[in-house]
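Novice: Next come the chains, spelled out residue by residue.
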Amino acid sequence: MDFINHQLFIKDINVHIDPILPKKTAIITHGHADHARFGHDHVIATRQTIDIMKIRYGDKCAKKFTPLRYGQKYSIKNYDFTLYPAGHILGSAQVLIEKNNHRLVITGDYKVGKDETCKNFKLVKCDTLITEATFGLPIFQHPDPKDEIQKLIRSVKINKNNCHIVGAYALGKAQRVMNLLRQQNYNETIYIHGSLEKLCQYYSKEKINIGKFEKVSSKVKSFYEGKIIIAPPSALKDRWSRRFPNPIICMASGWMTVKQRAKQQGIELPLVISDHSDWNELLDTIKKSKAKNILITHGQEDALVYYCKKQNLVSKPLSIQGRSDEEIE
Amino acid sequence: MKKFSSLLHNLILTPSRNTKIKLLQDYFKTLDINRAYALAILSDQLSFQFIKASKLRELVYEQVDQHLFDYSYDYVGDLAETISLIWPTNKEGKSQNLSTLIENINKIKKSEINTEFSKVLSGLSNNERWTLIKICTGGLRIGVSERLVKTALADLYNKSVNEIEEIWHGLEFPYENLFQWLRNETSKPKIDFKKLFHPMMLANPIDEEKDFKRLNASEFQAEFKWDGIRVQLMVSSKSVSLYSRTGDNISSAFPEIVENTKGDAVIDGELLVGRNFKPSGFNDLQQRLNRKKASKDLQEKFPVFIRAYDILFYKGKDLRKLFLYERRKYLEKFQKENKTNQIDLSLIIKFKTWKELTKYKNNVHDDLNEGVMIKLKNSEYLPGRKKGYWYKWKKNPKLVDAILMYAQRGHGKRSSYYSDFTFGVWKENELVPIGKAYSGYTDKELLVLDKFIRNNTTNKFGPVREVKKEIILEVAFDDVFPSSRHKSGVAMRFPRIHRIRWDKPTNEVLSIEEFKKEFKIG
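Protein chains in written order, with the numbering used here: chain E, 1 to 329; chain R, 1001 to 1522.
Note that these hints are calculated values from the structure, not bench results. Backbone N, C-alpha and C fix where the C-beta goes; we use that ideal spot for every residue, glycine too. Where hints are given, some of them may not hold.
[As the list claims (entries may be wrong)] In silico DSSO-like pairs for lysine-lysine, Cα to Cα no more than 27 angstroms straight-line:
1. 310(E) x 1052(R)
2. 1386(R) x 1350(R)
3. 1386(R) x 1339(R)
4. 1386(R) x 146(E)
5. 1022(R) x 157(E)
6. 1052(R) x 263(E)
7. 1159(R) x 1052(R)
8. 263(E) x 1444(R)
[Unchecked claim] Partial pick of chain R residues on the chain E-facing surface, computed with a CB cut under 7 angstroms:
9. 1012
10. 1068
11. 1072
12. 1076
13. 1081
14. 1085
15. 1086
16. 1415
17. 1452
18. 1461
The shape of chain R in the complex, shown without the other chains (with noise of 0.2 angstroms):
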């Protein structure tokens, strides 16, 4: 365990690309039990089942004082860190490697967990327990995507990256048959490619300047941006599964996709609520998110549906190879075959030139699409974010003034700067809150925004500061929502800071009504 969690200690510090690459090769260089538990940490892929946050929570609010915690993760912004660092040490145990830890660890019962899990975390050097934590947790943070990960593998190894790639999906802890065939003892490992998520092609956002003057509108061809979850379905004659754009199955929170669709392929969706393939907005998906199980009264308040975009498998033939416009084709066939109630085909629109395209992107009375798609029609079906295929196009966002009422630290790599921001309206002469924003500002913005907070915090109410009513933000949203949890009456979608307006006085902010008004909300 010291090795690893120095492993990870250096990598979280290192900016260089090439010595990430470097560390990450040296432990995948020993040949035990480590390394396997190693790759499904740093791929995500190992969590304990009775450990989660807030379990975490309740185990160091036993060992301090709850106050203590709260003023001291508010200025680490990290759950782990915090942790690591004010657990009571004393009795710092013998060392333990990764893997005799995790299968000590698995072997707790649930209902010792709180006492033998606390004595693991006081067993551990700070940096051992901030591992350990993060593993529990997920989502390590620590710069290092899983693509790194299998780029330092592939390198180690004088493979292709794209050859671990396509296979990844289909390995399983220990991952053997992966390392021997990297240490080239055996074959390529068989995967039923059938069973198997397939990763998704993503799109890049376009550069209106740059692309348009570039790119000829006749080899490409357009579709609306749909503001669901994008999934991916498999269908055969003996199951059907979903799965989320990461790879994870949410077959059983959509039971009744499962239950109706029919045939033999693998399509790539959004995932829609709505009736009569008739979206219905964000808001109304929102209630069939995270959510194991969907009762019947969910399933009939909000119908799902997914929007049809490709088509990877038909009938056991793999299409990924096919260019976008033919795969299109099997895509019309196997939809009229297998007609549903679940399925529908998102439409290709029609245009000649990108100015024409515009009106279609930003089509303002039809809020329930984000913009459109732009793809190349002799697109092969690519895994990632690849350069030159697919483009987002998105609409311009809405924007309102409002000003600065309290601020927050943020976390992660903006933690100890004052990142959170909420901002209200005029409701006569008070203001009242209409968001909440952490992204969209700059480095420079932030820093100007981080030292007015500082040095104007009228109040304090425990992590956040009431401040001065000076600073205007322009504030750009996707959407906006009548909602009875907020004291305004409305919640925003993915607000974020557009820019500071220095040039603004306050009392030129609109008021709760103007606003309801101008963004039409009841």
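Looking at chain E on its own, in the form it has when it is part of the complex (with noise of 0.2 angstroms):
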């Protein structure tokens, strides 16, 4: 793994995994603006991947598309590249890279749980491991989202003259939320912010099923009322919001684990639902990967490598610029 720098970066052959300004050729790992920027050359991606990218930053983002299928390698000089499933969102993808017999993963953001609406994580043995660790601190581990999204129903039934508006990222997590309420039976319209409305269309395109949805319109304020609404965090303290009548101020998030976090941030009512690996998958992952260098990325690095290394595992953090912790879903 001297092929590849703490910036992702491979000098050898002029290839950036996920990088933050534009490029030669970068290889995304999903849609997330933190991943994927705009102004590359050439991006490899999977389909899905290089979708959601033109959905958001138009058909000219990238100079040339090059999709892969998961599963499909794709050389460059001697270095083998394959993308399998993240499980984190619709597209999102996990990067081995193989070069003289070593084989590198790097997981990008993950979440082992099961999740329609995307393909689920497939584990990619390895001698090295490059992982995210959003949630690598032992007080993460997440509920069963469908008891977390039975408690939205469960308020919506309750408070039938107020709305719940719930915060969630535009892209995956306001569709998941979507999808698990569907799954729980959940049948009535689905109000969403304008800002989603793209990405919307694009899953139910992809055959997710997210429901009937309709933009937010200007209608009486009652006519909310007893409605879930979905919009992006930042429009929950904006103005938009105050349109709405006695709105409760719900957020889907792995970080609304911790109460202190979800009263700092004005959240009502909390749900936990994660996009990303809890503690006990995180640790079960490098385990199961057999990789006995673990470089990791994203978040709470302390205690896992702390971890990694009382199980003899050689570990460091990877300080990747642009990315502070807690900004990231």
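With the hints as a guide, bring the two chains together.
Specialist: Structure follows, in structure tokens:
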């Protein structure tokens, strides 16, 4: 793994993984803005990630696109690249890099748990594992998302004169919440913030069951009583949310595990629904990958590095520039 | 327990006061013993003898790796929440009533605490565990004051909250007489007022610009504001007891007061350390605080006395409805009749105009008082911080510019933010820390500092981050003392961040020698 540096850059063949600045060749793990950026010469990613990039940044956000199927090998000189499902959001991928019999996996963001909105995580054995650690502390043990979504459904039933605004990231989390609601037989129309519309339409087109949805419009206030509205977290504090009748502010995020965080953000109904692995899943993945060398990025690296060292694994944190903890999901 | 823990969960997350009151009322409507426990917990009157924060840490270290716990605690910033989340859960047991659970815990023998209490914790859901640990550590911090609990009760039963306030300190678990009276089944509980701690009258900070234009100086009297601890002394022929501002009985820590005071009265005053009624500063007083008992040696070295401000009862007579100037006459009478070395009177400052009072407030030569109190002469003794009667006017704080060196995440409402700051001054070419502050900044300044710290960390020592030495903080503090415990040789009293000095280069910050000279530390 000397061939890749702490910025996930392979100098030998001038390839970056998830670069922040425009580069010649970029392999993109998934469409979230801290991974997929505008302006690369050549983007290599799954078809769905490329679609999502085009929706968010326009058709010309890169000069050239190479879509890869999961499991399809792509070679540059003596480097072989293969994408595997990461289970994070639609189109998300892990990157396997093989060179001279050394197998290195970059997980990108991933979750092990089941999710109907994307292909589920596949474990890839390797020598070196570069894993994320967004929830790399033992306090993070995600509950069953079905129980969490039931909390929302129950609250909607009890508080008939209120509307529920659920904060959820526009790409991935919003659609997962919608899908979870459908799984629990919530069949009402779900109202969405305008910024979610194109992505929801795309998920529908990709045959993800998110059910009937409609953009919020300027209807009489009382229309939204008893309704569920999904909006990006930034809109919760915005003037936008004041048009609704007695809103109960909800948030779907792994950070909602910690009550003090929910309180700080003014969240009344926290829903612990995460698209990242929790502590036990991180440990399990590290173990099952059989990797002897563990590099840790994104988030709470300290505890995970400490744990790996105790297991006699070589481990250190990778600090990737431009990404500070707690801003990601 | 499920019901009570979801009450606390909802209370902490609800911003609206009215919703909080409604949640409390819904809970108090239940007519069983659980609500008595709830009332005890919400007013911070219930605790377990053997289970405190240190015991809980010991238990959690038996369950999880200490380092992993410490990383997590640093991140969460709340002990109860960290333990409840990190505790291994696999065998959630049968749900128990709040009352059953507490009674069962009280039955645990001291020798079996570790195994038995761990079993209790394992049998609870996350949220119940959080609640139970909050009860153990006391001080819920869920955004519900004792006053709000009383208001909820009063509104529910159409009583006035002041009526509850009046008898509150005479009530005891399980509050049967309170609930019966609230439901109009009996008359108001009879309380022996002479034995009761009476909630103190507190002052509001004065707003120099607005208040001095509005208030007529001749209607007010002024006294020095002493930097000790506020106490209430209850003395009768049978007993003497001393209470802190929060109503805790602290008599046993100050035997010289108990032994030497006479008479029949309830006195409001300031407890100070010093000989011949000359206070010797808060640093000395600290030697006497947080101790259950005081040895002869300690009494000899740091003798205490009370500087009396006010009198609430005199020979069984309730004076609280009299005006301050009338009560003062009784206070002087009490003092004359019962001369001791333990009580003297707070001096009344003569002044005609607010401007004249300023020089007393800023009395820089006497570091032992914190400023002045301004009290309406025609003020009854009213519990709480009522507006318009008593004001405090603090001295301008001391200020020093220092360089931000280290930061740590905060606790409670500041958890996750880097909000605890260590700052220092020069010692030759290095910096030496002189203090630590975690308040004073605005929310906006906190965000800026937090961001700076995350982007400019040069080193990590566990939870502590060392940062680039670029930011100058103007630190305000009440006082500074020599200290052998700190590398710099100084210890500050109540340091807080006054503002960020963007305009000043770091080389203009004082050296430790200059700092000591400026604030006269030998």
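Novice: Holds or violated: is there a CB of chain E closer than 7 angstroms to the CB of residue 1081(R)?
Specialist: holds (6 angstroms)
Novice: Assess, step by step, whether the Cα of residue 310(E) is no farther than 27 angstroms from the Cα of residue 1052(R), and give holds or violated.
Specialist: With Cα atoms ~31 angstroms apart, residue 310(E) and residue 1052(R) exceed 27 angstroms; violated.
Novice: The hint names residue 1072(R) as touching chain E; please verify it with the least Cβ-Cβ distance against 7 angstroms.
Specialist: This interface hint holds because 5 angstroms falls under the 7 angstroms limit.
Novice: Straight-line Cα separation of residue 1386(R) and residue 146(E) no greater than 27 angstroms?
Specialist: The given pair, whose Cα atoms are some 50 angstroms apart, is violated under the 27 angstroms limit.
Novice: Quickly compare the C-alpha distance for residue 1386(R) and residue 1339(R) to 27 angstroms and report which way the hint goes.
Specialist: Given that 27 angstroms is the threshold and the Cα spacing comes to 33 angstroms, the pair is violated.
Novice: When the nearest CB of chain E is found for residue 1415(R), is that gap smaller than 7 angstroms?
Specialist: holds (5 angstroms)
Novice: Was the hint right that residue 1068(R) lines chain E, CB cutoff 7 angstroms?
Specialist: holds (5 angstroms)
Novice: Any CB of chain E closer than 7 angstroms to the CB of residue 1461(R)?
Specialist: For residue 1461(R), the interface hint is violated, since the closest Cβ of chain E sits about 11 angstroms away, which is over 7 angstroms.
Novice: Is the Cα-Cα distance between residue 1386(R) and residue 1350(R) 27 angstroms or less?
Specialist: Given that 27 angstroms is the threshold and the Cα spacing comes to 25 angstroms, the pair holds.
Novice: Any CB of chain E closer than 7 angstroms to the CB of residue 1452(R)?
Specialist: Hint on residue 1452(R): violated, closest Cβ of chain E at ~12 angstroms, above 7 angstroms.
Novice: Taking 27 angstroms as the top limit, are the C-alpha atoms of residue 1052(R) and residue 263(E) close enough?
Specialist: holds (25 angstroms)
Novice: Decide if the proposed pair is consistent with the structure: residue 1022(R) and residue 157(E), CA atoms, cutoff 27 angstroms inclusive.
Specialist: Distance of about 19 angstroms is within 27 angstroms: holds.
Checked against the numbered hints given earlier, the structure breaks hints 1, 3, 4, 7, 17, 18 and satisfies all the rest.
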